[in-house]
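Novice: If you want the building blocks of each chain, they are given just below.
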Amino acid sequence: MKHLLGIEGLSRDEFYLLLDNSREMVEISRRDIKKVPALRGKTVINMFFEASTRTRSSFEIAGKRLSADVVNVSATGSSVTKGETLLDTARTLSAMAPDVLVVRHSASGAPAFLARYLPDTAVVNAGDGLHEHPTQALLDCLTLSEHFSARSQGIEGLRLAIVGDVLHSRVARSNIWAHLLLGNEVRLVGPPTFLPPELKEAFGADSSQCRGRLEVYYDLKSGIAGADVVMCLRLQLERQSQHFVPSLEEYSREYGVSEKLLARYAPNCVVLHPGPVNRGIEVSSEVLDGPRSLVSKQVSNGVAVRMAVLFLLATGKDTGETTIA
Amino acid sequence: MPKANQKNWKLVLDGEVIARSISRITYEILEKDRDLSRLAVVGIRTAGEVLGRRICDRIAEIENVRIPFGVIDITLYRDDLSMSRAQPTLKGTELPFAVTGARIVLVDDVLFTGRTIRAALDAIIDFGRPARVELAVLVDRGHRELPIRADYVGKNLPSEKHQALRVRLKELGADEDGVYLVQSAKEVNK
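Protein chains in written order, with the working numbering: chain Y, 1 to 325; chain V, 1 to 190.
Be careful, since some hints might not be right.
[Said to hold, decoys possible] Straight line, CA to CA, 20 Å or less: simulated EDC-like cross-link-like pairs of lysine to aspartate or glutamate:
no.	chain 1	residue 1	chain 2	residue 2
1	V	Lys91	Y	Glu27
2	V	Lys7	V	Glu160
3	V	Lys91	Y	Asp13
[As the list claims (entries may be wrong)] Which chain V residues face chain Y? A few, computed with CB under 8 Å, are given here:
no.	residue
4	Leu81
5	Pro96
6	Ala98
Don't read these hints as lab results, they were simulated from the structure. All residues carry an ideal CB built from backbone N, CA and C; glycine is no exception.
Can you make the complete structure from the sequences, with help from the hints?
Specialist: Rendered as structure tokens:
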């Protein structure tokens with residue numbers, strides 16, 4: 001494994017290697033001394049061209065708990081505002097010989113582009129445009145695997161409903177790839193403007209190689225009926241989401257996830273949300289702060305997952321055979 | 001998984017000798033300090049975990065007390081992470097007792113360069129400050145690269161550096177317990 005650019009294209013073995021190692025990393029954060037020497041002398045550069053609190057800080061904490069030297073670069077206050085191109089910025093940073101480059105960028109494919117031009121650096125996608133956010137899908141799966149640890153098949157054979165703006169969500173995309181890889185039933189729920197007909201085809205859901213099932217529902221009640229997991233997506237008010245719905249009030253009335261609905265249609269489900277949350281719009285406070293919510297677990301698992309990713313990419317020489325596209 | 005009766009594999013310790021070694025090591029541990037209140041056994045994954053459990057079971061038979069048992073995975077403490085080829089799989093560390101003030105007996109199957117023990121000591125010390133740490137190994141084959149020695153040794157087996165020792169234990173899927181000497185180092189990885 002040389003880079004982690006997306007969940008798409010990961011093999012099951014690679015996916016489970018990341019997930020199993022993440023599970024073991026959880027324990028380190030519970031120790032009195034939350035630090036192991038695994039990445040001593042390695043350098044991790046966090047290059048964030050987009051605003052981020054939890055992802056950036058959890059990558060930083062993850063690197064530090066593994067004893068790596070972590071450098072944060074954000075777009076504002078750097079040479080990017082002076083007009084430097086992405087490649088020039090990356091080449092400059094690369095000349096300082098980091099072992100891992102963690103990239104968030106508003107352009108889909110930016111991490112893949114950098115991976116192609118920086119041969120000696122492992123690139124981790126921390127969210128690129130509308131494409132993927134692989135560590136979020138991994139931490140969602142880690143959270144679910146803790147919750148469903150008593151099940152013999154673990155997190156396989158689950159019914160997952162993803163509710164909201166799937167079209168603009170890289171979190172949804174990475175999760176769809178992950179759960180199709182696991183052979184799960186994935187339901188995409190939302191208004192038609194968020195669920196264009198090409199979606200199913202884009203994930204190869206109709207091909208014979210696809211292990212899981214992907215279905216589209218425009219009605220919330222039938223979409224979440226019998227679900228084991230309901231994943232609420234953030235309505236991205238700072239971006240384009242609001243132009244795809246008539247009004248926030250109407251959206252909330254039709255697609256807002258409430259405890260009343262869950263109790264009736266998916267009484268045993270757990271709820272995930274990648275954050276930050278618009279309380280009262282995509283999900284009610286009652287659900288979010290209630291017993292089904294795994295949101296705070298998601299955040300604490302974020303560190304463990306990122307430790308596992310940094311550890312795997314920064315150690316073990318790559319043979320060139322397991323590159324992840 | 002290689003067959004135990006493979007060519008080039010020479011049996012050097014059979015199941016009976018291993019059982020007697022474990023027994024003797026257990027008595028030596030108990031003799032060294034009669035106070036068992038602070039004693040804990042820690043096995044290094046994977047073979048050391050099995051042997052550590054056997055020592056705990058023997059102590060339970062002899063003294064009728066359950067000694068706290070922990071396991072450590074030294075992967076995150078290795079000094080050759082950037083040299084190894086494979087992508088490492090973590091198996092986890094569990095030390096379900098207070099490390100600070102404990103008398104810890106660290107258990108591994110083979111003592112060779114001493115680097116594994118060095119890593120294990122670092123891992124233990126990250127959990128607290130033990131009163132003392134002792135080392136028990138089934139086989140000491142020499143060729144130390146660090147100033148480390150064992151307090152309890154099942155068998156001293158001087159070997160050539162290019163040779164390899166393979167420990168097979170029932171708990172890890174072997175038909176019989178046994179320690180084998182393998183002539184060429186390449187054979188081990190097959």
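Novice: Confirm or reject each hint.
Specialist: Do the hints match the structure? See the list:
Taking the CA atoms of V:Lys91 and Y:Glu27, the gap is about 11 Å. The hint holds against a cut of 20 Å. With a C-alpha separation of about 18 Å, the suggested pairing of V:Lys7 with V:Glu160 holds against the 20 Å cut-off. Restraint check for V:Lys91 and Y:Asp13: satisfied, since their Cα atoms lie roughly 16 Å apart, inside the 20 Å limit. A hinted interface residue such as V:Leu81 counts as satisfied when its beta carbon comes closer than 8 Å to some beta carbon of chain Y; here the least separation is about 4 Å, so the hint holds.
Annotation: V:Pro96 was flagged as interfacial toward chain Y, and the flag is violated, the nearest CB pair being 12 Å apart, outside 8 Å. At a threshold of 8 Å, the smallest CB-CB gap from V:Ala98 to chain Y is about 11 Å, leaving the interface hint violated.
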